[in-house]
Structures are given as structure tokens and as C-alpha cells.
Amino acid sequence: MADAATIAKLKEKARQLRIESVKLVYQAGSGHPGGSLSAADIMAALFYHAMRYDPKRPDWPDRDRFILSKGHCTPLLYSVFADVGYFPREELKTYRRLGRLTGHPNPKLPGVEIATGSLGQGLSVGHGMALAGKLDKKDYYVYVLLGDGELNEGQVWEAAMSAAQYKSDHLIAIIDNNKVAQDNMTANLKNVEPVDKKFEAFGWHAIRIDGHNMAAVIDALAAAKNVRGKPVVIVADTIKGKGVSYMEGKPDWHGKAPNDEQFKKALEELERGL
Amino acid sequence: MSALPVTTAAMAATRDGYGNALIKLGSTDPNVVVLDAGVSDSTRTNKFAEKYPERFFNMGISEGDMVCTAAGMAKCGKTAFATSFICFLLGRSMDQILVSVAYSDSNVKIIGTHAGVAIGEDGPTAQAIGDVSYMRAVPNFIVICPADAVEAEKAIIAIAQRKGPAYVRLGRGNVRTIYDDSYKFEIGKASVVAEGNDAAIIASGIMVQESLAASEVLKKEEINVRVVNMSTIKPIDRQAIISAAETGTIITAEDHNIYGGLGSAVAEVISEEELGVKFGRIGVKDQFAESDSQKVLFRKYGMDADAIASAVRTLKN
Numbered sequence: 001m002a003d004a005a006t007i008a009k010l011k012e013k014a015r016q017l018r019i020e021s022v023k024l025v026y027q028a029g030s031g032h033p034g035g036s037l038s039a040a041d042i043m044a045a046l047f048y049h050a051m052r053y054d055p056k057r058p059d060w061p062d063r064d065r066f067i068l069s070k071g072h073c074t075p076l077l078y079s080v081f082a083d084v085g086y087f088p089r090e091e092l093k094t095y096r097r098l099g100r101l102t103g104h105p106n107p108k109l110p111g112v113e114i115a116t117g118s119l120g121q122g123l124s125v126g127h128g129m130a131l132a133g134k135l136d137k138k139d140y141y142v143y144v145l146l147g148d149g150e151l152n153e154g155q156v157w158e159a160a161m162s163a164a165q166y167k168s169d170h171l172i173a174i175i176d177n178n179k180v181a182q183d184n185m186t187a188n189l190k191n192v193e194p195v196d197k198k199f200e201a202f203g204w205h206a207i208r209i210d211g212h213n214m215a216a217v218i219d220a221l222a223a224a225k226n227v228r229g230k231p232v233v234i235v236a237d238t239i240k241g242k243g244v245s246y247m248e249g250k251p252d253w254h255g256k257a258p259n260d261e262q263f264k265k266a267l268e269e270l271e272r273g274l
Numbered sequence: 001m002s003a004l005p006v007t008t009a010a011m012a013a014t015r016d017g018y019g020n021a022l023i024k025l026g027s028t029d030p031n032v033v034v035l036d037a038g039v040s041d042s043t044r045t046n047k048f049a050e051k052y053p054e055r056f057f058n059m060g061i062s063e064g065d066m067v068c069t070a071a072g073m074a075k076c077g078k079t080a081f082a083t084s085f086i087c088f089l090l091g092r093s094m095d096q097i098l099v100s101v102a103y104s105d106s107n108v109k110i111i112g113t114h115a116g117v118a119i120g121e122d123g124p125t126a127q128a129i130g131d132v133s134y135m136r137a138v139p140n141f142i143v144i145c146p147a148d149a150v151e152a153e154k155a156i157i158a159i160a161q162r163k164g165p166a167y168v169r170l171g172r173g174n175v176r177t178i179y180d181d182s183y184k185f186e187i188g189k190a191s192v193v194a195e196g197n198d199a200a201i202i203a204s205g206i207m208v209q210e211s212l213a214a215s216e217v218l219k220k221e222e223i224n225v226r227v228v229n230m231s232t233i234k235p236i237d238r239q240a241i242i243s244a245a246e247t248g249t250i251i252t253a254e255d256h257n258i259y260g261g262l263g264s265a266v267a268e269v270i271s272e273e274e275l276g277v278k279f280g281r282i283g284v285k286d287q288f289a290e291s292d293s294q295k296v297l298f299r300k301y302g303m304d305a306d307a308i309a310s311a312v313r314t315l316k317n
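If you read the protein sequences in the order shown, they are chains X and U. Using our numbering, the final residue of the first sequence is 274, and nothing's skipped along the way. Using our numbering, the final residue of the second sequence is 317, and nothing's skipped along the way.
Only chain X is shown next, with the shape it has when bound in the complex (with noise of 0.2 Å):
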């Protein structure tokens, strides 16, 4: 369990990654705010708290992985990235501009392990991260952040039986299950649930959670770990564009920019605090 000073300690985390991540989809004129929204708590919890790294050394072979396999997410992923130190804060300016940080992640930036962009690559990409520590014993775990349109990609579910195969314990998926995607609500495409018991049947240890309660984050990665002999999954359930009203599951912020007035709001609602 962990204690209350780390929860608010994550949770205001969280908030600043929220508010730069509308900043820098401001700032670009572009990008996609609302699946950053919805997993800000999850990153939070990931990078402050569960994750073994060092930014000083992106390439220490003992590091924990983590692949945003849904790519599109990196007003997030920069803010994080900016704010632990993989590269200067002021390199945020270039966001989708010319330089490293482009509009989904290139491993050309440091703690960037591989592409991603066009979905449903990394959880087999992880995967093979996982079963490479385990040919070299080390203990490094694997988080591969999903999200649930996502699912809707074949491969995710060739990864998932391989992983259970291999029994690759020290994989851990992660699913923002914001239940939007681009162009619709997640249901009414090819609906992914019960996204926990498809897991299940796959051969894999599923973890249901409130993706914005912190506390049940951090158990859920604490306990993650733990699991022997199969690949684990935390279902997240969440809400795109947590913390902004106007954005809250609607699709129609999937990848848009706010305009001045509307990025006004979004910054007044985001430092008032969830």
C-alpha cells in the first residue's frame, strides 16, 4: 500500500503533466491531448514511482522498458520526458518541429526505446525486450502502454498468446482504457470488452482498475510485479481528456488542438486541480 504523502505526491504529478501536455499541443498547433489526458496518472505512477531508470544513462542495460505503443501520446511522453530529464526542458519548444521530438516517438531521443506510431507493435516489441532479459538474466520489467482502440489491432492478441507461451512474467501491459478512439467510441467499433477476461483467456493475469485513482495505480504495479509464470495486464479504465471538461470522452478531441479561448479553459480547469 502506499502512503498518502506519495499519492499526493503522484497525483500532483500528474496534474503538471496534464497541464504541459495541453501546452505543448497549444504551443504545436497539433497532436493529440485527449489520450494524454487520460493517462497522465498511469505515467505519473509509472516514471515517479514503480519504474527502475536513469535518465543520465538511457542505455543502462538494467533499466526497466517503457514503450508507448499508443504513440500518439507524446505531449505526454515528452512532458514526462522533459520534466525527468532525458533532454532539456527548452527542447520542448521544437515539439513537432524540425529535431528529436517528433509527432510520435523516434528512438533517436534518449529513453525512447523504440518507434512506435503505427499501432499494435509494441506489445510484441516488448515482449522481445522481455524474453532477451530473461536469455540474459536480468530482472528488468517491460510496461507497454496500450490503449483500448488499439485493441482492435490483430497483432496485440499474437503478442498476447506468444507472451503466455513464453510465460513472460516480467511483461506488464497497461490498457488507458479511455473507451474513445479517433472517429467513435471504442463500443460501438469492434468492441474490446470484457478487455480483462479476453486477457484471462489469452493466459494472462488481468488487474481491473480506476486508472485516476492513484492509489489503486501504484497497488496495481506493485502487484504486477509480483506475478509468476504469466504476462500481466492492468486494465485501466479511464476517461479521454480527464480534467478538462469539454475534452471528457468526446472523440472529437483524440487529435486536435485547442484555440486560445479553449486553451484558456483547459489551463484554468487543469490548475484548479481534479
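Keep in mind the hints are simulated off the structure, nothing from the lab. Keep in mind that the hints are not guaranteed to be accurate.
To be verified - Below, simulated EDC-like cross-link-like pairs (lysine to aspartate or glutamate); rule was C-alpha separation at most 16 Å, straight line:
| no. | chain 1 | residue 1 | chain 2 | residue 2 |
| --- | --- | --- | --- | --- |
| 1 | X | 134 | U | 54 |
| 2 | X | 108 | U | 105 |
| 3 | X | 137 | U | 54 |
| 4 | X | 167 | X | 200 |
| 5 | X | 167 | U | 54 |
| 6 | X | 23 | X | 260 |
Claimed, not checked - Sample of chain X residues with no beta-carbon within 12 Å of chain U, all distances over it, derived:
| no. | residue |
| --- | --- |
| 7 | 29 |
| 8 | 182 |
| 9 | 262 |
Said to hold, decoys possible - Label pairs and their computed distance ranges (CB to CB):
| no. | chain 1 | residue 1 | chain 2 | residue 2 | range |
| --- | --- | --- | --- | --- | --- |
| 10 | X | 271 | U | 164 | 43 to 53 Å |
| 11 | U | 273 | X | 165 | 46 to 56 Å |
| 12 | X | 16 | U | 41 | 40 to 50 Å |
| 13 | U | 267 | X | 185 | 43 to 53 Å |
| 14 | X | 139 | U | 30 | 14 to 24 Å |
| 15 | U | 242 | X | 139 | 28 to 38 Å |
| 16 | X | 255 | U | 137 | 22 to 32 Å |
Since the structure is predicted, the reported quantities are computational estimates derived from the model, not experimental observations. Don't be surprised by glycine CBs; every beta carbon is placed ideally from N, CA and C.
Based on the hints, put chain U in the right spot on chain X.
Here is chain U on its own, set in the frame of chain X:
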């Protein structure tokens, strides 16, 4: 270009050269891992699997998952060979190859077997005729199509020693062994396998054997044809093409669609270098073939030694 190789009558499949190379690499490089998509007996990765089971990963029939798994391993220091039949390996994982391998600069070797209409009886769904075209268009990839089992083995060892993505196109059936063990394979270097100054055939893969047979027929007619094995299709050996142009006639030969493969690559160099030669392409003429033996298909679709020889005669006149 390297020296004229020794010609022998022996036959072997390029996929066997791959299997042999993996056994050697397994003992010399502990970071080599091999993945297959459920066809390891056909691709010859099964030999590696028997000898190094802990470093062999049979991912089942899921090529995209296999390629990305290989990329993940490569990002943790492995030299990962991802293997299957070309049709399915590339057909099912071009996006994975682009994003997780090429753009990510992962040390993954994409090894496809069962190239071209030469695979015969299984028919068009198993006959890869577009792969060289696809892979030439992927930045950061080199593309190699060995002519015989000896060259295949040496090419595999060479790409293992060179960090970064590579695609190797291998065949199913036995082909004439052209090289002996003294052959030095070098990435990006063509080799002349028959000398001649009346015309030049630039070939890859199984078509090197057909081109050599054509050159032997033409020799009896006192037409001396140079046969160039262009085993590295990207980056292509421009100097070998410039030299071949001295004959005044260039014909390309590939078991692949004439669009986008070796023929197109050579044509690009001919036009960019303003070589002003007579030019023709032997290959699959933008169509699907059917089922039968390689011999029957090569005859029907104008890809056997006789077809090459008559193309040379026609162009020269």
C-alpha cells in the same frame, strides 16, 4: 568486382546456405537469436533450433508479431534473424519492418525463403514477385539476393557482422553451385561469373544459373556474353553496371516482377549515368503465374536460359 569463380556441377539451395551459416554464427556469436513463423523445417532454421534451442524462438504463424519481437530483442543487444516464406513475411509485416526495424534502426535481419515463381507448384499465393521492389523502398535496409548456397552462407555471415537492418531473399529449390569456398562476398559488390564483351546479363538469385546457361548456348554462336551476379541489389554496384555498359547491351534477369526489382534498379543507373546502351529485362511481366514445376513456369513465362539467349540475340541485332 572479384575474380572469376570456379564453376562446379554441384547443386544446393540458397536456403541451405542460410541454415549452414546460422550453425556457424551460433557457435561464434552468443548474441545471435533466430525467430521463425512456424516453417522452420522449410526455412532451415530447424538446424539452429536443434543446436541452440534457448536462442531459437518459434513464434507460430504470426509474422508481424515475430518481426516486432525480433526488434525488441535487437534493442536489447541481440542480432535477430526473423525468418519465414517471403510472401507472408513481407506481405504480413511491411509496416512492422518499416516502423520497428527500419525507422528504429533495429539490428534485425529479415530472411525470406521461397523467392519467385521458381517455387512452382504451390502457385501464386506462395510465389513472391514483388519483395525486392518493396524492400528497395525502405530506407536503412540493404537488399541481398544470393546466387548459390555458398554465396548465401557468406552473405548471411556478412550481414551478421554488419550492425543494422538487412533483407536477404533466398530460394527453395536447388541451384547450380557457382562459387567455391575461396569466394569473397562483399556487400555492395557484384561479381562477374562469365566473361564476355558482346553483351552483358546482369542477374540475381536463381537467374544467375539461367544466365550462365544462356551464355553457354550463345558462346557456341560466337556471342560472348558477360554474366554479372548482382547479388546486392541495394546498394547497387554502379561501377559494375558502368563496366557492363562497355558491351553496348545490358539485359537484366530476375525471378521477380520486372517492375521495381533488379531490372528497375539497373535502369535507374543506366539513365542517371547516361550509359546509352541497348536494354532489356527478363522477369515476371507484371502478372500472376500459376502452378507447375519451375522448369515449365520459366519456359511459359519467358524466364529460362532459352528466353534469355533469344533476348540477347534480338537486342544485339
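Hint by hint, here is what the structure shows:
| no. | hint | result |
| --- | --- | --- |
| 1 | 134/X <-> 54/U | holds (10 Å) |
| 2 | 108/X <-> 105/U | holds (9 Å) |
| 3 | 137/X <-> 54/U | holds (12 Å) |
| 4 | 167/X <-> 200/X | holds (13 Å) |
| 5 | 167/X <-> 54/U | holds (14 Å) |
| 6 | 23/X <-> 260/X | holds (11 Å) |
| 7 | 29 | holds (24 Å) |
| 8 | 182 | holds (18 Å) |
| 9 | 262 | holds (32 Å) |
| 10 | 271/X <-> 164/U: 43 to 53 Å | holds (47 Å) |
| 11 | 273/U <-> 165/X: 46 to 56 Å | holds (52 Å) |
| 12 | 16/X <-> 41/U: 40 to 50 Å | violated (56 Å) |
| 13 | 267/U <-> 185/X: 43 to 53 Å | holds (51 Å) |
| 14 | 139/X <-> 30/U: 14 to 24 Å | holds (20 Å) |
| 15 | 242/U <-> 139/X: 28 to 38 Å | violated (56 Å) |
| 16 | 255/X <-> 137/U: 22 to 32 Å | holds (27 Å) |
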